[in-house]
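Participant: So you can see what is in the structure, the chains are spelled out below.
Number of protein chains: 2
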Amino acid sequence: MIPSYVTNIFSFDITPYAKWKEFRKNELICREGDDLSDLVFLIKGNAKLFLTHENGKVTIIDFFKSPTLFGEMEFMGAQKFTNGVIALNKCVCILLPLREISHLLRDDTKFLNYLCLFLCRKALRNTSNYATNQNYPLVNRLANFILLSADGEIYNRKHTEVAEYLGVSYRHLLHVFAVLCEADILQHMDKKSYRIKDFSSLATMAVNENSL
Amino acid sequence: MIPSYVTNIFSFDITPYAKWKEFRKNELICREGDDLSDLVFLIKGNAKLFLTHENGKVTIIDFFKSPTLFGEMEFMGAQKFTNGVIALNKCVCILLPLREISHLLRDDTKFLNYLCLFLCRKALRNTSNYATNQNYPLVNRLANFILLSADGEIYNRKHTEVAEYLGVSYRHLLHVFAVLCEADILQHMDKKSYRIKDFSSLATMAVNENSL
DNA sequence: TGAAAAATATGAGTTTTCTCATATAAACCT
DNA sequence: AGGTTTATATGAGAAAACTCATATTTTTCA
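Going down the list, the protein sequences come from chains V and C.
Positions 22 to 233 (the numbering used here) are the ones given, in order, by the first sequence.
Positions 22 to 233 (the numbering used here) are the ones given, in order, by the second sequence.
Derived from the structure by calculation, the hints contain no laboratory data.
Do not take every clue at face value.
The list treats identical chains as one, so a pair stands whether inside a single copy or across any two.
Said to hold, decoys possible - Each computed DSBU-like pair below joins lysine-lysine, with the alpha-carbon atoms no more than 35 Å apart:
hint	residue 1	residue 2
1	179	65
2	42	218
3	131	213
4	111	143
5	111	69
6	40	212
7	218	131
Just so it is clear, the structure is predicted and the values come from calculations on it, not from any experiment.
Could you put the whole structure together from the sequences, leaning on the hints where they help?
Facilitator: Given below as structure tokens:
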């Protein structure tokens, strides 16, 4: 029932503590500002981590793809209040109640080593993305994003979400898509999808977000 | 000799392994691309972490203020090559050779807990800064930066460095300083320093980078 | 099924930020 | 001390990105 890549992280048996929970699309897995009381393994589905500014604006901080983990910040006591996590499609999670097992985890070198490595990798990814975003205009970042997220030669994503993720306005994102189409690099297909006509141009202008 | 806040992180005695090393201003503590073979505690001085793009452009990723730690990424094996670290003034470091002690560290729950917490806090700070930077124009970010780094009512920093840190061109930074002066919020004093004339305006427009 | 909400789309005008050119002053080296 | 590099400073024009307005289509959900 609980996948081995989860149970293997620990040097003790977590099955007595683990709870299985499912979320529908658009359901909040963590509400912004709540105390988080569990360590959460996302084993199926995708979710996004977001933060609402006083501004009212919303930033997508990250996309979570299963399998992954969150709630480490709360486990470590590094932050009281969580950011929001919302299910992008049907999600399956395994919850480990912190109250019951945090003392076990703190003594578990196997788990702690795993967590350190997990945190390091996450930090590297974030830093790389951040540095990249600051130094290149949207065309370049978008080229990269298209290459990473296209299915073969077909790109098909929600503009609204992508705009938030790339940290630009919806309007500007559309503008840059239009530019890429005009340059004959993309072709606007039926309504929502684009076809990549010129992979090499796209690759040339793309910034490699994972080259750190 | 080695401060207790360093020795206290470990459950064993590190003194037999620790090396003491000093760096002059502008000396490279870590060269970009090298293998890093030590865990480094910066116990005195300030340093900056940077990354050179294929672009040629340089991003300041972070400022290190003592006391802090770096080299964790290499310890965890999360990255082969380090980013550059350069001393901004005289720096004193304690080096722990990874080859000799990494197996000890991996079994040391005290150290591992410390490292997890350290990584979490770093990640939170980075995320907060990142989200902030994406959503506010420079005036707001700069207002905040001025408040954080001013000495009383006197602000005095190198524009070149600040421009890099805030991820904008030198030209634009100067422009925004001029705007703040024109609005009677700052006053341009002798050559390099500015006096804050209107704290409350500055505070109003400032984005709080540490409100996560 | 029908109304409301969300996503797509495009135009026009503005703000933010960048590039490049150029000049002067300060800091650094040997 | 004198030459080199680095930091400060400013102008002009262009590119990048944003806001607001507005229209259409698609999705959601009661």
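Participant: Compare the structure with the hints numbered earlier in the document and write down the numbers of the violated ones, lowest to highest.
Facilitator: The structure breaks hints 2, 3, 6, 7; every other hint is satisfied.
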